[in-house]
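**Q** Sequence:
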Amino acid sequence: MSTQLSHALLAAEGGGGGAAFLQLGILLLIPFAMYFFMIRPQRRRVREQQELQSSIQVHDEVVTTSGIYGTITGEDGDARFWLEIDDDVQIRIARAAIQGKVAVDEAKDSDESAADTPAVDPTSDVADD
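Each residue of the sequence shown is one higher than the one before, starting from 1 at the first, in the numbering used here.
In short, the hints are calculated from the structure, not lab data. Treat the hints with caution; some may be incorrect.
[Said to hold, decoys possible] Between beta-carbon pairs, the in silico distance windows are:
(1) Ala20 x Ile56: 54 to 64 Å
(2) Val89 x Ile56: 12 to 22 Å
(3) His59 x Phe36: 36 to 46 Å
(4) Thr65 x Gly25: 37 to 47 Å
(5) Gln49 x Ile26: 58 to 68 Å
(6) Pro41 x Ser66: 51 to 61 Å
Bear in mind that the values here come from a model prediction, so they are computed numbers and not experimental data. Just so it is clear, CB atoms sit at the ideal spot from N, CA and C, and this is done for glycine as well.
Starting from the given sequences, assemble the full structure and let the hints guide the process.
**A** Written out as structure tokens, the structure is:
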């Protein structure tokens, strides 16, 4: 009886070798998949962001990471800019705070939508029902 049991165990181990090889292959593929789906795209985004920030010049219309739109009016060293956010209102921002350049079409669309929106007077009384 013990010989039958040992033959059964050997047969089971022989059939399981392919499954073990498959599991090992999957475990080895995980780092490659992580590189191609996570690390490589992140490196590409970082490189593109650095190229954008180094290409910023005076008179470019930009948006910051906090969502502030404005026009670059001057440089304050290598790492800072002066950003005009309204008429005669300028703030100093870090070069790293610039998220992107504003496309000319996007700037025109935002100006037109602001003109179409009726102005609301915050001091006016709201009509009671």
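**Q** Could you run down the list of hints and mark each one as holding or not?
**A** The hints, checked one at a time:
{"no.": "1", "hint": "Ala20 x Ile56: 54 to 64 Å", "in the structure": "holds (55 Å)"}
{"no.": "2", "hint": "Val89 x Ile56: 12 to 22 Å", "in the structure": "holds (19 Å)"}
{"no.": "3", "hint": "His59 x Phe36: 36 to 46 Å", "in the structure": "holds (40 Å)"}
{"no.": "4", "hint": "Thr65 x Gly25: 37 to 47 Å", "in the structure": "holds (42 Å)"}
{"no.": "5", "hint": "Gln49 x Ile26: 58 to 68 Å", "in the structure": "violated (34 Å)"}
{"no.": "6", "hint": "Pro41 x Ser66: 51 to 61 Å", "in the structure": "violated (24 Å)"}
Violated hints, in rising order: 5, 6; the structure is consistent with all others.
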